[in-house]
Amino acid sequence: MPISQERLEKLIKDSIPDCKIAINDLKGDGDHYSATIISKTFKGKTRVEQHKMVYDALKGGMGNELHALMLKTKSE
Amino acid sequence: MEENKIIDVTEMIKNEIKSNDIVLFMKGTPVFPMCGFSAAVVQILTDIGVKFNSINVLDSNEMREGIKQFSNWPTIPQLYIKEEFVGGCDIVKEIYESGELLQLLNRKGIEVKSR
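Same order as they appear, the protein sequences are chains G and W.
The numbering used here puts the first residue of the first sequence at 1, with every later residue one more than the last.
The numbering used here puts the first residue of the second sequence at 1001, with every later residue one more than the last.
Keep in mind the hints are simulated off the structure, nothing from the lab.
Even for Gly, the Cβ is constructed at its ideal location relative to N, Cα and C.
Hints should not be assumed to be uniformly reliable.
[To be verified] Quick list of simulated restraints, FRET-style, between CB atoms:
| no. | chain 1 | residue 1 | chain 2 | residue 2 | range |
| --- | --- | --- | --- | --- | --- |
| 1 | W | N1106 | G | D14 | 23 to 29 Å |
| 2 | W | G1036 | G | S4 | 20 to 26 Å |
| 3 | W | L1058 | G | E65 | 19 to 25 Å |
[Unchecked claim] Simulated coverage check for chain G against chain W, where a stretch passes if three residues somewhere in it have a Cβ under 8 Å from a Cβ of chain W:
| no. | segment |
| --- | --- |
| 4 | 8–16 |
| 5 | 41–52 |
[What the hints assert, rightly or not] Straight-line Cα separation of at most 25 Å, DSS-like style, residue types lysine-lysine; simulated pairs:
| no. | chain 1 | residue 1 | chain 2 | residue 2 |
| --- | --- | --- | --- | --- |
| 6 | W | K1093 | G | K45 |
| 7 | G | K20 | G | K52 |
| 8 | G | K45 | W | K1082 |
| 9 | G | K59 | W | K1027 |
| 10 | W | K1051 | W | K1027 |
| 11 | W | K1093 | G | K27 |
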């Protein structure tokens, strides 16, 4: 069950309000996206921790609703 | 998943990452990867020329779900170096391209075949 780009962006922004986000729909099937996310809240965290913050924002959708989300996270 | 199955899988995972420097939990095998992201990580490890052990999570649903619970990471592939969870496809690609993966391997004293 795919997820729309708008919903994906909203979910992430709801959990990481200060973030700047750029999403690419890789296959147009709502199942494969890449996203670059910049947020001060990533500062001092490892990449794994930063990505987990994004996965948590998707409230269990990652790996279920959403098959692939290639992430690039930065703190500034 | 029943209680004892979770425990068995967790023990299996711990054992694997203890007894091998590098372990890749993937879909399929290095020769027949069943997912592009798993294949991409196999390619990176092959390019670097390091020995690694791979686990095909498609062989058992307990392993497929168990590894996600073990690492609290929702997707496959998952790469472990010296018992440490390094990341999935996007992180491994990023640290390979930035040179951090080679530094990590050197720091951990893992032999890299020079090309």
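Cross-check of the supplied hints:
At about 41 Å, the CB distance of N1106/W to D14/G disagrees with the hint of 23 to 29 Å. Checked against the hint of 20 to 26 Å, the C-beta distance between G1036/W and S4/G comes to roughly 23 Å, which is consistent with it. Checked against the hint of 19 to 25 Å, the C-beta distance between L1058/W and E65/G comes to roughly 21 Å, which is consistent with it. Only residues whose beta carbon comes within less than 8 Å of a beta carbon in chain W count, and the segment 8–16 of chain G has 0; fewer than three means the coverage is violated.
Counting residues of the segment 41–52 of chain G whose CB lies closer than 8 Å to any CB of chain W gives 4, which reaches the minimum of 3, so the coverage claim holds. At most 25 Å may separate the alpha-carbon atoms for a hinted pair to count; K1093/W and K45/G meet this at roughly 18 Å. Under the criterion of a C-alpha separation no larger than 25 Å, the hint pairing K20/G with K52/G is consistent with the structure, at around 17 Å. Between K45/G and K1082/W the alpha-carbon distance is near 20 Å, which keeps this suggested pair within the 25 Å criterion.
A threshold of 25 Å between alpha carbons decides the hint, and for K59/G with K1027/W the separation of about 24 Å falls inside it, so the pair holds. As the CA atoms of K1051/W and K1027/W are separated by approximately 18 Å, the hinted pair is consistent with the 25 Å bound. At roughly 20 Å between alpha-carbon atoms, K1093/W and K27/G fall within 25 Å of each other, so this suggested pair holds.
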